[in-house]
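So the chains spell out like this:
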Amino acid sequence: DTAVSQTPKYLVTQMGNDKSIKCEQNLGHDTMYWYKQDSKKFLKIMFSYNNKELIINETVPNRFSPKSPDKAHLNLHINSLELGDSAVYFCASSARGSYEAFFGQGTRLTVV
Amino acid sequence: AQTVTQSQPEMSVQEAETVTLSCTYDTSESDYYLFWYKQPPSRQMILVIRQEAYKQQNATENRFSVNFQKAAKSFSLKISDSQLGDAAMYFCAYWLSGGGADGLTFGKGTHLIIQP
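Just so you know, the sequences run in chain order E and S. First residue of the first sequence? That's 1 in our numbering, and the numbers climb one at a time after it. First residue of the second sequence? That's 1001 in our numbering, and the numbers climb one at a time after it.
Next comes chain E alone, as it looks inside the complex:
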């Protein structure tokens, strides 16, 4: 049973479209994250979220928005997709105070 799962694994879409990536964790963790890995493999945090607090990396465009329907899910919505949004997006989760992140398998987004 996968601990952190993301769907879809691959997403190809046209510029200007709006898309979502779903993330679910079954670990009972209280904090979830989205990371972006660019074409040079550099990983950078985009958001962290628990039931009390959303922290947004200041470099993330406001076209990106996390939405959490419940504690086990943190979906990533992207509006008006641009070519530069092409990347691998990772969801992760952690338990409070554990300092151990569990990652999903990543979603490769290609904007054409």
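These aren't lab readings, by the way, just hints derived from the structure by calculation. Computed from a predicted structure; not experimentally measured. Certain hints may be false.
[Stated by the list, open to error] Not the full set, but computed from the structure, chain S residues with beta-carbon under 7 Å of chain E: (1) MET1045; (2) LYS1070; (3) MET1089; (4) GLY1109.
[Said to hold, decoys possible] Where chain S lies over chain E, by a calculated footprint (3+ residues, C-beta under 8 Å): (5) 36-47; (6) 60-70.
Where is the CB? At the ideal position from N, CA and C, for every residue including glycine.
Position chain S against the provided structure of chain E, taking the given hints into account.
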């Protein structure tokens, strides 16, 4: 802001030999965690080893060990008896204690090649 630097974009080692991957970091904090993650071609992020800054003893996990030099802000990973399955991108990462919501700060990675 914390930064993590991996100065070796790529390293190559013969199978069964030992290789050391370098990592330095910059922080003004005293309590934090350091990590090495492995990312094989499958893209999955796999935790290799973790070090708590308040512990002087270097962490080890089977063939993987670290050399943690807190004063020098250095955190290198040694892989002994390298195996073909060790071939991957390796990322050094930092997590501030008490900053759970801040998440991980990653270095740019080192691509490790294992020569058969």
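Exercise for the section: Please write out, lowest number first, the hints stated earlier that are contradicted by the structure. Expected result: 2 and 6
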